[in-house]
Amino acid sequence: MSALLEVADLGMRFGGLQAVDGVGFTVERAQVFAIIGPNGAGKTTVFNCISGFYRPTSGWAMLEAQPIHNLSSHRIARLGLVRTFQNVRLFKNMTVVENLLVAQHTRLVTNLWSGLIKLPRYRRSERQALEKASFWLDKVGLLPYANREAGNLAYGQQRRLEIARCMITQPSLLLLDEPAAGLNPQETRELNTLITELRAQHGVSVLLIEHDMSLVMGISEQILVMENGRPIALGTPAQIRSDPKVIKAYLGEE
Amino acid sequence: MDELLRRHLPESVVMALVTAVLTIPILGVRIHIENLQVTLEGDGTPVYIAMAVVFLVRLFRAPLSQITGMVRIDRLLPSSDWLTRYRTGLLAAMIVLALIWPFVASRGAVDIATLALIYVMLGLGLNIVVGFAGLLDLGYVAFYAVGAYSYALLNQHFGLSFWECLPISIVLAGATGCLLGFPVLRLRGDYLAIVTLGFGEIIRLLLNNLDELTGGPDGIGNIPKPTLFGLEFARRASTEGGVTFHDFFGLRYDGADTIIFLYLIALLLALFTLFVSNRLLRMPVGRAWEALREDEIACRSLGLNPTLIKLSAFSLGASFGGMAGAFFAARQGFINPESFTFIESAIVLAIVVLGGMGSQLGVILAAVALTALPEVARQFDEYRMLIFGLIMVLMMIWRPQGLLPATRPRMELPQ
Ligand SMILES: Nc1ncnc2c1ncn2[C@@H]1O[C@H](COP(=O)(O)OP(=O)(O)OP(=O)(O)O)[C@@H](O)[C@H]1O
Ligand SMILES: [Mg+2]
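Residue numbers (the working numbering), protein chains in the order written: chain A, 1 to 254; chain B, 1 to 415.
In short, the hints are calculated from the structure, not lab data. Any given hint could be a false lead.
Said to hold, decoys possible - Okay, the calculated bits of chain A under chain B, using three or more residues with CB under 8 angstroms as the criterion:
1) 105 to 116
2) 201 to 207
Unchecked claim - The following residues of chain B were derived to be distant from chain A, with all beta-carbon distances above 12 angstroms:
3) Trp-101
4) Val-376
5) Met-392
Stated by the list, open to error - To list a few chain B residues with every Cβ distance to chain A over 10 angstroms, as calculated:
6) Asp-254
7) Met-283
8) Arg-410
The C-beta atom is built at its ideal place from N, Cα and C for all residues, glycine as well.
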């Protein structure tokens, strides 16, 4: 069986700036894989390239042996690769549960007639969507806030809602861009538990960008270190921790 | 006071001079025609008036803005809480009023109400595009025209009746919406507005120039009125063996019957539009429009195809435009491209903005107000556009969210 995500020789150029250069890695099924590196290293740009928001200027990416580097972002999402954003992007004026309903849009009965005259098929699909939403809200501890406006949630809750919104689309690969940024230590521990659970119970692979070293070292099986757009090391947490190049470029600074 | 003069006097003088420069070419000269001689005459008075007004307003800006700040028009209008509470009641009252209207009002009043209902359909249709999906469409009249010409042409060439043509007009207008929308919906905001504006004009120019098909500027006449299950509303049946309404029921012929019948059809179609747009808001596609307005990138990251979702709003809105168009053709009995100029698009857009984008009740009220007022105040006919503009400006200052701001029905999770 092929790897879940395979990226090779990925490059992204903005005018004169080579933001990503020759990045390659492989994410296996039900694996947690982290990308770390100093600010401006090009981590988010890698995410944007594999999730279809940027078209990479070189290299390729394959999801379950299917090329995705020239697909548009919504098609990639339908193939099972969904992401969160470095700055939370919720539908702020919609309620929490509506955020989760929108995420299920592609799986609902959206046929015009069945909705207009409320065919049984349509009612069933709406009911199931609500049930699924309440399952995931319960999972991330937001069930009591279901009917609040998403924009009114506390920051940590917004981050969890964003993850729930991804998970409800039943992805095979979840991309998290700095999920622990702005969280307090207690919330970071909860995030750690949540990621472990998602992988164990829902079989999802997680590719994450993170600056919180204790979180990264604790949950990742593989880590890719980037600096100035280039990959400088790839390996297990133990290998990364003792890699002299990494210590010099990244850990050494702190 | 002294301080006020010292600070604002120089600025006011400059502004008055600028006003003079700007207004002399427009207000300062008058075209004088005597026989075949056309001469320009200088006339300072309007310029002096404009200068004085600008000077005084600039000078007393601070006290003036205090006064306007105190006038709180928006306090007089109902709040959105109030609206959500009484929404159903208000709607029911409006529908009841609309139902008894033809039997109590005069012939002229019923006729105007029919026109108002056409604008209600157009307003509610465009509201789907502008209010729900947030797409600025300045060429909505194109779909109105497609609907009207579909009926007129299908009837002329194939003898199809109004009721046969109505669904066809709806589908054709919707399909035109799809065709026009597909290439342009990738554009954002202002660009979309400009392209749709262009499409509106292209359709009108086509109608004007495809003489063979559309009759060009002369238009198409003799478009039959709708029938009631085959019964015609006319003094005499138009075809051999046709039956008229009054013959069938053994009544005396009364011209008012036709007007009332047309009104009732318009009401039926308007209610249909209201029902559909109301349902749409609660359906997945309605949620997707809202989500897309808020954050298109997040939508894409969840697998929603923005172009398709926008296209659905665009072509649904277009379909209702087509429906209104077919009815318009039937009511007028005659159409030509002059009925489908840009000003129609502008009026329908004004209805949506004035009513409150996304608010169906507001759109209905605005449609009725904007069609009824000019009829009531006939003597101000020349100032119609001026008053129109003034209302728009004042609304934007005091109530930018429209007469009755939209409140979206929310999907709740039972706790
Ligand atoms: N759309 C863009 N146009 C031009 N330059 C860009 C664009 N996106 C990113 N860059 C540049 O690419 C480089 C890498 O940015 P990127 O956001 O990928 O870094 P990062 O590793 O995610 O950093 P951080 O840890 O701060 O999030 C930066 O120099 C950034 O300015
Ligand atoms: Mg980043």
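Each hint, compared with the structure:
| no. | hint | result |
| --- | --- | --- |
| 1 | 105 to 116 | holds (count 8) |
| 2 | 201 to 207 | violated (count 0) |
| 3 | Trp-101 | 27 angstroms, holds |
| 4 | Val-376 | 37 angstroms, holds |
| 5 | Met-392 | 26 angstroms, holds |
| 6 | Asp-254 | 37 angstroms, holds |
| 7 | Met-283 | 4 angstroms, violated |
| 8 | Arg-410 | 6 angstroms, violated |
Hint violations for this structure: numbers 2, 7 and 8, all remaining hints satisfied.
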